[in-house]
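We have chain W; now place chain Y onto it with these hints.
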Amino acid sequence: MDALEIARWQFGITTVYHFMMVPLTIGLGLVVAVIQTAWYRTGKPEYLRMTKFWGKLFLINFIMGVATGIVQEFQFGMAWSEYSRFVGDVFGAPLALEALLAFFVESTFLGLWIFGWKQLKPAIHLACLWVAVIGSALSAYFIIVANSWMQHPVGVEMINGRPVMTDAWAVFTNNTALVAVPHTLFGALAVAGGFLLGIAWYHLWRRRHDGVDTVGPDGRVIPGEDVRIPGRDRTDHSVWIRSLRIGAVVAMISFAGTAVTGDLQGKLMFQQQPMKMAAAEAACHDGTGFSVLSIGNVGSKNCDDVVAVIEVPGILSFLARGDFTTEVKGVNSLLPEYKANYGTSLPDNPIYGDRAGQEIQYVPVMEVTYWGFRMMIGFGGIAALAALVALWLTRKGTVPEARWLMRLAVFGILAPFGANAAGWIFTEMGRQPFVVAPNPDPSGIDQVFMFTAAAVSPGVSAGELITSLVALTAVYAVLLVVEVKLLVTYIRGGVVSAMPELGHSPVDENEDETPGPGGNGDTKPAEDVLAFAY
Amino acid sequence: MELLPTIWFIAIAVLWTGYLFLEGFDLGVGMLMKLFARNNTERRVLLNTIGPVWDGNEVWLLTAGGATFAAFPLWYASLFSALYLPLLVVLLALIFRAVAFEYRGKVDTDSWRNRWDWAIALGSFFAAFGVGAALALTTTGLPLNANGDRVGGPIAWFSGYALLGGLAVVGFSLLHALAFLALKTDGEVRHRARQWLVRLLPVLLLPIAAWALVIQFMDGKPWTWAAVVLAVGAAATAWLLARKGAEGRAFLALGAFLVLGTTSIFGAVFPVVLPSTLDSAFDLTISNASSSDYTLGLMSIVAAFGLPLVIAYQAWTYWVFRRRVSAASIPEAHSFLPAVAARAFTTKG
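Protein chains in written order, with our numbering: chain W, 64 to 597; chain Y, 635 to 983.
It should be emphasised that the hints constitute simulated quantities derived from the structure, not laboratory data.
Backbone N, C-alpha and C fix where the C-beta goes; we use that ideal spot for every residue, glycine too.
Worth double-checking, as some hints may not be accurate.
What the hints assert, rightly or not - Within a straight-line C-alpha distance of at most 27 Å, the following computed DSS-like cross-link-like pairs (lysine-lysine) qualify: (1) W:392 with W:330; (2) W:548 with Y:740; (3) W:392 with W:459; (4) Y:740 with W:181; (5) W:330 with W:402; (6) W:392 with W:402.
To be verified - These stretches of chain W come out as covered by chain Y in the derived footprint (C-beta under 8 Å, 3 or more residues): (7) 75-87; (8) 140-147; (9) 222-229; (10) 514-524.
Only chain W is shown next, with the shape it has when bound in the complex (with noise of 0.2 Å):
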């Protein structure tokens, strides 16, 4: 491997990374946000239970989408210096405003909230977390505006061999942007929605299995409790029957958006990135059909061996062009224009190394493009029809006492993490061998592109990358057994593991009648202080 090899993947691997705690903190702060509103209007003690137990596992897991978000920014300059100086102007400014607008108020009111349940009155201990998922919107915008920018680079114009930015309008209401940002959106809330039903699956399973919870014989659970675990009581089971309809529904309405979305971007796509959608199709060869299964060496370059087993004629039109007739281009008659418009072969200039003069591979990868677009969409498909089934299966207030089912509703957790993994990869992937793609759309600037192998920094060594690459992977990988270890600890441990004071008095009857926390002069200075201490 070279230095643009190792730095690739490099970006790669801490990319994905990093985006399995992203979508997550989202999704999850959203939905926590959601269930502290629905306690602060009717003060019931299950949602305070899920508020709190919700939010100790969106904490666990957002400290470290904090810690990985700091080695992205880092990276463009350290690993990609040639990319960093070619797109400054235009790449620049919407990290910079992710950092000023977004991640200031995410990190600030994050903070507020963690350790304002006593300082703040209640009304703005809310509005405290509201604020700060708001900002982990508004940086999801800026970096998909930064991102889109390179799928499709647009408000430029180029000056002295550099993109010049000289219409921000168009730069932050890229099309790219507009369709990407709710398509993550929904994805993240995808990952909440299977993260939530997995969870209170689970729970709600060891209720039963235990016998604290038991069912009727007209099939209704008779919610019971365990008085020697501390809050294992009747509120129990609405903490994780609520959660578990949240999740469904959550998951449900998510799958929904991301397909709108991402059928909004496909369309887009046709026209601003062709060859990565010819990809996504291993399609080859002009046409409408929708390949449901390719067979033979679908990462072929020379297109010759891939074979459509089952094809469904029109769909493919209809993706990329809303009707059902129009040929649409396949690999064969784009990788002419493309050698047409951009060349053959990389220039002869010392920016490329070794590899200046080497002929242009215009075609992505097509194992990763074909099977990322459709673990995409299987993993997102199936998270939702588990979420249907979940809810036709806990209609009577419990879920049923299978083992298997219970394991399948823990696994199914990550199926929406996948679809996240999937569709980033492939959308990465499939723009190769450009890292800023030219667009033969008219509103995008063609001549406006860098191709990957320009990208990487010149001065730095493979044995600097290959270090940090090895260096990066392993804290990593200890990093992600630690996190799931404390994420398992935390979910089995049940409420009380978040509310240790459900286990000083078994079951504080008071709770039942307070509206909001004791924003009151009464309470000892002690805790006053420190509510939710480290």
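Relative to chain W, chain Y alone:
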């Protein structure tokens, strides 16, 4: 003189100063977890002084980095790629430190806490040292060629200035942390922090003062020399105030020292943002490294509203959590019994 690049040079100086001011004391508190705190309660006192604010403080670093990328992409690209390995160390340090803050109290065993305490202390040390080294090197120069790329291999960046800058930020952070603890805690920790502050101030400020002086001898202008003199005055004032027990004002005087010190350093090197030690023709300056006026203008407008807003709500956070933390206010560590384990336990009993 170009107006917008100058404004953005100042803005980036402000962001770095803000970072060193705010994260300075929380990096210092992190290091003091192992150097100063004597038992778990004291460590928790330390942690909870910075608990609500450290993450917001760290965003100053991200913003300084992002603003450098946006306003001076060539500076960002050359500096970050030239300092590849030291910045990798900074990143790893920041990762461990952030995770440690959150995870330390999540399992109630001494070995778990001890491991994360080391992560906090070492993470804070290496982050402070690395950032200091990087800042010093951007003022004293790196071996860059005409394209702005480092020549001479992975450690060609190394020089005595890197050590000096590293020690400068470590020293200042420790000191500012002691002043912060004296201000934010009560009881034994407060008392001891004040003692340490008075005793260590003259020593711990030496490296940062040396860095400021080195820069003045290289590029000083009359007004930046004046800033150095004022900075020394602020340090002396901080020392006297700390002796007197005026904790709040001592903290602010140290802050004034930092602001004057960074002003003297950034002011002296202006308009060069990153000198090349190979040939001054390759120096990156505010003119040849900056973005277009259009981009800088857009960012200026956003920053003119955004930055005061950030300062306002961060200040509000410090107001909300203004009360002193003491050993008495630390609740007992709770080891929750997971429902499953608890059941096994109770059925046996």
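Here is how each hint holds up against the structure:
{"no.": "1", "hint": "W:392 with W:330", "in the structure": "holds, 13 Å"}
{"no.": "2", "hint": "W:548 with Y:740", "in the structure": "holds, 11 Å"}
{"no.": "3", "hint": "W:392 with W:459", "in the structure": "violated, 52 Å"}
{"no.": "4", "hint": "Y:740 with W:181", "in the structure": "holds, 21 Å"}
{"no.": "5", "hint": "W:330 with W:402", "in the structure": "holds, 23 Å"}
{"no.": "6", "hint": "W:392 with W:402", "in the structure": "holds, 15 Å"}
{"no.": "7", "hint": "75-87", "in the structure": "violated (count 0)"}
{"no.": "8", "hint": "140-147", "in the structure": "holds (count 6)"}
{"no.": "9", "hint": "222-229", "in the structure": "holds (count 4)"}
{"no.": "10", "hint": "514-524", "in the structure": "holds (count 5)"}
The structure shown violates the earlier hints numbered 3, 7.
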